[in-house]
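Listed here are the chains, written in short residue letters.
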Amino acid sequence: AQKVTQAQTEISVVEKEDVTLDCVYETRDTTYYLFWYKQPPSGELVFLIRRNSFDEQNEISGRYSWNFQKSTSSFNFTITASQVVDSAVYFCALSEAKNYGQNFVFGPGTRLSVLP
Amino acid sequence: DTAVSQTPKYLVTQMGNDKSIKCEQNLGHDTMYWYKQDSKKFLKIMFSYNNKELIINETVPNRFSPKSPDKAHLNLHINSLELGDSAVYFCASSQVRDPPNEQFFGPGTRLTVL
Numbered sequence: 031a032q033k034v035t036q037a038q039t040e041i042s043v044v045e046k047e048d049v050t051l052d053c054v055y056e057t058r059d060t061t062y063y064l065f066w067y068k069q070p071p072s073g074e075l076v077f078l079i080r081r082n083s084f085d086e087q088n089e090i091s092g093r094y095s096w097n098f099q100k101s102t103s104s105f106n107f108t109i110t111a112s113q114v115v116d117s118a119v120y121f122c123a124l125s126e127a128k129n130y131g132q133n134f135v136f137g138p139g140t141r142l143s144v145l146p
Numbered sequence: 798d799t800a801v802s803q804t805p806k807y808l809v810t811q812m813g814n815d816k817s818i819k820c821e822q823n824l825g826h827d828t829m830y831w832y833k834q835d836s837k838k839f840l841k842i843m844f845s846y847n848n849k850e851l852i853i854n855e856t857v858p859n860r861f862s863p864k865s866p867d868k869a870h871l872n873l874h875i876n877s878l879e880l881g882d883s884a885v886y887f888c889a890s891s892q893v894r895d896p897p898n899e900q901f902f903g904p905g906t907r908l909t910v911l
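Residue numbers (the numbering used here), protein chains in the order written: chain A, 31 to 146; chain B, 798 to 911.
If you're looking for bench data, these hints aren't it; they were derived computationally from the structure.
Certain hints may be false.
As the list claims (entries may be wrong) - Far from chain A, some chain B residues (derived; all Cβ distances over 10 Å):
1) Leu824
2) Lys838
3) Ser845
4) Ile853
5) Pro863
6) Asn876
7) Glu879
8) Gly881
9) Ser883
10) Pro897
11) Asn898
To be verified - One-sided and incomplete, this derived list gives chain B residues near chain A with beta-carbon spacing under 7 Å:
12) Met843
13) Phe844
14) Pro858
15) Phe861
16) Glu899
17) Pro904
Virtual Cβ for every residue (Gly too), placed ideally from N, Cα, C.
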């Protein structure tokens, strides 16, 4: 069975600090996909990134970066120089390839508060 | 143009009533989903429909029934509403393939059962 754990329930940082959100996953499949979504206070769910299990290269997109390590089953998300607009709940999600994306499992989310 | 839309945005109703939430996607995706997000923000998949066929049915009460008139619509019908059904319900869609595309979510419907 697939499972996603986000151990940090809530994080508070001051603007311009760097912050890392942890994500640990469990799956028996060798092929799977990992996702991060953002849910700002307005409530919508916004897709941030997809990563497949064969691609362990880290990815950077502006102030966002992702560190995927299969050895520790982790897919961590770092925000550099955080801003107030980054305040949101962030979800990590897993989809096994055998389901062809038909069954996403979301982690419990991490609520990030960036204080001015 | 809204990619995934849901109506209504807010729904307040009494226990025991029957209600429906509508969802439409204009992305041409072949799979649609319903999620429930509780007060602690846990997101749990309830159903998914692929080409008008139910392919996932998580352990949700049979008072909940998805209805898909065509692949652009997936409505959620709830019978005999209970207090515990209060939550935000999200519709989503994706194009099922390998690798799976991300899911696009609707704005959510906040259901309050009194």
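Now the hints, each set against the structure:
For Leu824 (chain B), the shortest C-beta to C-beta distance to chain A comes to about 13 Å, beyond the 10 Å cut-off, and the non-interface label holds. Consistency note on Lys838 (chain B): stated as away from chain A, yet its beta-carbon is not over 10 Å from all of that chain's, at 5 Å minimum. Ser845 (chain B), annotated as away from the interface, has a beta carbon of chain A within 10 Å; the closest lies near 5 Å. The non-interface label for Ile853 (chain B) is inconsistent with chain A: the shortest C-beta to C-beta separation is roughly 6 Å, within 10 Å.
Listed as a non-interface residue, Pro863 (chain B) keeps its Cβ farther than 10 Å from every Cβ of chain A; the least gap is roughly 14 Å. At the 10 Å boundary, the C-beta of Asn876 (chain B) stays outside the reach of chain A, the nearest C-beta of that chain being 25 Å off. Remark: the non-interface label on Glu879 (chain B) is consistent with the geometry, its nearest Cβ contact in chain A lying 23 Å away (cut-off 10 Å). No Cβ of chain A approaches the Cβ of Gly881 (chain B) within 10 Å, the least distance being about 19 Å, so the stated non-interface status holds.
At roughly 15 Å, the least C-beta separation between Ser883 (chain B) and chain A is larger than 10 Å, which holds for a residue marked as non-interface. Once the 10 Å rule is applied to beta carbons, Pro897 (chain B) is inconsistent with being away from chain A; the minimum gap is 2 Å. Chain A draws Asn898 (chain B) into its interface by the beta-carbon criterion, the shortest separation being 7 Å against a cut-off of 10 Å. For Met843 (chain B), the interface hint is violated, the least distance from its beta-carbon to any beta-carbon of chain A being 11 Å, above 7 Å.
A least Cβ separation of about 11 Å between Phe844 (chain B) and chain A goes past the 7 Å threshold, and the interface hint is therefore violated. Violation of the interface hint for Pro858 (chain B) is found here, the shortest Cβ-Cβ separation to chain A being roughly 19 Å, above the 7 Å cut-off. Interface hint status for Phe861 (chain B): violated, as the beta-carbon distance to the closest one in chain A is roughly 17 Å, over 7 Å. This hint holds: Glu899 (chain B) has a C-beta 4 Å from the nearest C-beta of chain A, less than the 7 Å allowed.
Contact between Pro904 (chain B) and chain A, as hinted, is supported at the beta carbon level, the nearest pair being about 6 Å apart and thus within 7 Å.
Of the hints listed earlier, those the structure fails to meet are numbers 2, 3, 4, 10, 11, 12, 13, 14, 15, in rising order.
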